[in-house]
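Number of protein chains: 6
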Amino acid sequence: MNEKVKEFREYRAAMNEKILAADNKVMKRIFNLDTNTYMEGALSTKVKEMLGLVSSMVLRCDDCIKYHLEKCQEQGVTTDEMMEIFAVANLVGGTIVIPHTRRAIEYWEIINQEA
Amino acid sequence: MNEKVKEFREYRAAMNEKILAADNKVMKRIFNLDTNTYMEGALSTKVKEMLGLVSSMVLRCDDCIKYHLEKCQEQGVTTDEMMEIFAVANLVGGTIVIPHTRRAIEYWEIINQEA
Amino acid sequence: MNEKVKEFREYRAAMNEKILAADNKVMKRIFNLDTNTYMEGALSTKVKEMLGLVSSMVLRCDDCIKYHLEKCQEQGVTTDEMMEIFAVANLVGGTIVIPHTRRAIEYWEIINQEA
Amino acid sequence: MNEKVKEFREYRAAMNEKILAADNKVMKRIFNLDTNTYMEGALSTKVKEMLGLVSSMVLRCDDCIKYHLEKCQEQGVTTDEMMEIFAVANLVGGTIVIPHTRRAIEYWEIINQEA
Amino acid sequence: MNEKVKEFREYRAAMNEKILAADNKVMKRIFNLDTNTYMEGALSTKVKEMLGLVSSMVLRCDDCIKYHLEKCQEQGVTTDEMMEIFAVANLVGGTIVIPHTRRAIEYWEIINQEA
Amino acid sequence: MNEKVKEFREYRAAMNEKILAADNKVMKRIFNLDTNTYMEGALSTKVKEMLGLVSSMVLRCDDCIKYHLEKCQEQGVTTDEMMEIFAVANLVGGTIVIPHTRRAIEYWEIINQEA
Chain X
4 MNEKVKEFRE YRAAMNEKIL AADNKVMKRI FNLDTNTYME GALSTKVKEM LGLVSSMVLR
64 CDDCIKYHLE KCQEQGVTTD EMMEIFAVAN LVGGTIVIPH TRRAIEYWEI INQEA
Chain Y
4 MNEKVKEFRE YRAAMNEKIL AADNKVMKRI FNLDTNTYME GALSTKVKEM LGLVSSMVLR
64 CDDCIKYHLE KCQEQGVTTD EMMEIFAVAN LVGGTIVIPH TRRAIEYWEI INQEA
Chain U
4 MNEKVKEFRE YRAAMNEKIL AADNKVMKRI FNLDTNTYME GALSTKVKEM LGLVSSMVLR
64 CDDCIKYHLE KCQEQGVTTD EMMEIFAVAN LVGGTIVIPH TRRAIEYWEI INQEA
Chain G
4 MNEKVKEFRE YRAAMNEKIL AADNKVMKRI FNLDTNTYME GALSTKVKEM LGLVSSMVLR
64 CDDCIKYHLE KCQEQGVTTD EMMEIFAVAN LVGGTIVIPH TRRAIEYWEI INQEA
Chain S
4 MNEKVKEFRE YRAAMNEKIL AADNKVMKRI FNLDTNTYME GALSTKVKEM LGLVSSMVLR
64 CDDCIKYHLE KCQEQGVTTD EMMEIFAVAN LVGGTIVIPH TRRAIEYWEI INQEA
Chain H
4 MNEKVKEFRE YRAAMNEKIL AADNKVMKRI FNLDTNTYME GALSTKVKEM LGLVSSMVLR
64 CDDCIKYHLE KCQEQGVTTD EMMEIFAVAN LVGGTIVIPH TRRAIEYWEI INQEA
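Sequence order for the protein chains is X, Y, U, G, S and H. Position one of the first sequence corresponds to residue 4 (this note's numbering), numbered consecutively onward. Position one of the second sequence corresponds to residue 4 (this note's numbering), numbered consecutively onward. Position one of the third sequence corresponds to residue 4 (this note's numbering), numbered consecutively onward. Position one of the fourth sequence corresponds to residue 4 (this note's numbering), numbered consecutively onward. Position one of the fifth sequence corresponds to residue 4 (this note's numbering), numbered consecutively onward. Position one of the sixth sequence corresponds to residue 4 (this note's numbering), numbered consecutively onward.
Certain hints may be false.
One copy or any two copies: either way a pair holds, since identical chains are not told apart in the list.
[Stated by the list, open to error] In silico BS3-like pairs for lysine-lysine, Cα to Cα no more than 30 Å straight-line:
1. Lys-74 x Lys-28
2. Lys-7 x Lys-31
3. Lys-49 x Lys-7
4. Lys-74 x Lys-9
5. Lys-49 x Lys-9
6. Lys-74 x Lys-21
7. Lys-21 x Lys-31
8. Lys-49 x Lys-74
9. Lys-7 x Lys-21
Quick caveat, the hints were computed from the structure, so don't treat them as lab data.
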C-alpha cells in the first residue's frame, strides 16, 4: 500500500481508538452518528459521500477530505465527477480552497492507482 | 407570491444588477462562472445544486441557502432528500448550523407551498 | 416578557418542532446529543454552558449566542464573569467578534432585567 | 441622514458604550488597539482601511463591512477601487461572499450619496 | 523531553521572538493582551484556559490547541474533564473537528506522561 | 534556492498542472481569474497583493500566505509594511492567526534572504 495512504489510515485508526477508549458518551455517539449519516436512505451513499466531501473542502480540512475521497472512490465516483465536485468547492469556497484541491488531486490519484 | 420569497428575489436581482453595472471584469466573470458551474455535466444539475446547498449550510450563509433551496426545489429534490442534506450539514458543520437549518426548513416549506 | 426574547424563543421552538416532525433520525439524534452534552459531568453545566457560549461567539452565530446567554444566566453566571468570556472570545476570534458582542451585551441585559 | 446609516451608527455607539461601561480591561484594550491599528504608519490609513475591509468581507461580517466602507469613503477610495476590493474578496473568499457584496454595494451607494 | 513537545515549544519561542523583534506596536500589544486575558479574575485561569482551548478547537488551529492543552494540564484539568471539552467542541463545531481531536488526544497523552 | 521555497514551489506547480490537465472548464477559469484579479487596475498590483495576503491570513491558509508573501516581496513591500499587514490580520482575525504569523515571518525572512 502507498505510504501516504498507509500513514493516514493507521494514525486515524489508532487515534480513533484512543478517543473511544476514553469512554466519553457524547464522543462515542458522535462517532456513531458519523457512520449512520452516510448510509443509504432517500439519498444514495454515493451522493452523501459527495456531500461530505464538498463540505470538507469548503471547510478546508485535509484529513476529512482524504477520508471522503476514499469513500467516493469506493462508491465509484469517476475522475470527471470528482473534478466537478472540486469545481463547486472552489467556486463557493473561493481560491482559498485551491491548496486543499492540490492535496486532494494527489491523494485521488494515489487511491485510484491502488484500486 | 409569498412576501419572504418576493423580498429575497427582488433585493437579490436589484443588487446583482448594481454589481454588474459597475462593470468590473472579475466580478462579471465570477457571476458568469456561478451560472456555468451548476450546468449538467458528469454530475447532474440536481446533484450539483445539492452540493451547492450543503456547502452554503456548513459555511452558514442564509441567502446562499435560500438560493440553492429554490434550485433544489426546481430540480425535484424531495423533503426526505432535503432532510438528509440537512443531516450531513449539521453533522459535519456542527450544531452551529442548527439556526440556519431552522430558517432553511421555513423557507423550504414556503417554496413548496408556492409550487 | 421582552419582545426580543419572546420572538427568539417562539421562532426557535416552532422551527425545532418542524425539524423534529420531519422525522430524520440523524437530525433527531443531533438534537438529543445537544441536550446531553451540557449535563452535569466531570465539568459542571455552568462551565459547559460557558464553553458553548465562547464557541458560539468565535464561530459568530447570534442565535447560538442568545441560547447560551440564557443558559448561562440560569446557571448564575455574573456580569463580570460574562465580560471575561467576551474578552476571551474577542481576543481569540478577533475584532470580527465585536458586532456579535454588541448584540450579546444587549441580550444579556434584557434577560437579566427579566429575571 | 439616511435611515440605514443612522440606525447602524446609533446602535453601534450605544452598545460600544455599554461594553466599555462594563469596565473589562481586556475589552477596553481591544477597542483601543482597534483604533491604533489603522493609524498612518509604514502603510497609509487608506491602505489599512482597505485591508480591514477585505478581511471583513472574506470573514463575512456585515457590520464590520459597513464600518470599513465608511472609513474607506472618508479616505477617498473611489468606486472603481472599491469594485477591485470586492473582486479580491469574492475571488479569495468565493461566491459565499456575494450576498455580503450585495449589501456592501447598497451601503456604499448610500454613504456616497450622503457625502 | 518528548520530541514533539520540544519541537513545538522551540519553534514557537523562536518565531515569537522574531515577531517581537520586528517591533510593531500593535503586534506587541496583542501578545501582551494574550497573556493578560487568561489571568485570574472573575473566572479562574483554569476556566479561562478551557475557554481558550474550546475556541481553538472549533476554529481548528492545531498549534493553538497544543498551547492551551499545555496550559490546561498545568491548571490540573483531568482527562475526564478534557474529554468533555472535546465533546462540546465536536458537537458545536461538527465532525470537522475530529481530526484535530485526534491530534489533541495524542498531545494530551504525551504532556501527561511528561508530567 | 532555499529548500522550503523550492519544495513549496515545485509541489504547487506539479499539482496545478495535474488540476489543469484534468480539463475541467470551471477549474481552468478559476485559475485564469486568479491571475487576472491581481493585475494593475484602479488599484496597483502591490495593493492587491497585500489585500490577497491579509485575506489569506484571516482565512488561515498557509500555502496562500506563502504565495502572496512571494508576490508582495516582488512588489517591493518592506518589512515594516509587512508587519502592519500582520497587525491588521491578527487584530481582525484574532490570536488564532498568530501561529500562521509565525510561519509567515519565517518564510518572509527566507525569501528576503534569497532576493
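Hints, verified against the model:
For the homomeric pair Lys-74 and Lys-28, the shortest alpha-carbon distances inside one copy (26 Å) and between copies (22 Å) are both at most 30 Å. Both within a single protomer and between protomers do Lys-7 and Lys-31 lie at most 30 Å apart by alpha-carbon distance, with minima of 27 Å and 27 Å respectively. Only within a single protomer do Lys-49 and Lys-7 lie at most 30 Å apart by alpha-carbon distance; the minimum there is 24 Å, versus 34 Å between protomers. Taking the shortest alpha-carbon separations for Lys-74 and Lys-9, only the intra-copy value of 15 Å comes in at or below 30 Å, while the best inter-copy value is 33 Å.
In this assembly of identical chains, the alpha carbons of Lys-49 and Lys-9 lie at most 30 Å apart only when taken from the same copy (24 Å versus 35 Å across copies). In the homo-oligomer, the alpha carbons of Lys-74 and Lys-21 lie at most 30 Å apart both inside one protomer (23 Å) and across protomers (21 Å), since each shortest distance falls under that limit. In this assembly of identical chains, Lys-21 and Lys-31 lie within 30 Å of each other by CA distance both inside one copy and across copies; the values are 11 Å within and 27 Å between. Both within a single protomer and between protomers do Lys-49 and Lys-74 lie at most 30 Å apart by alpha-carbon distance, with minima of 8 Å and 21 Å respectively.
Taking identical chains as interchangeable, the C-alpha atoms of Lys-7 and Lys-21 lie at most 30 Å apart whether they share a chain (21 Å) or sit on different chains (18 Å).
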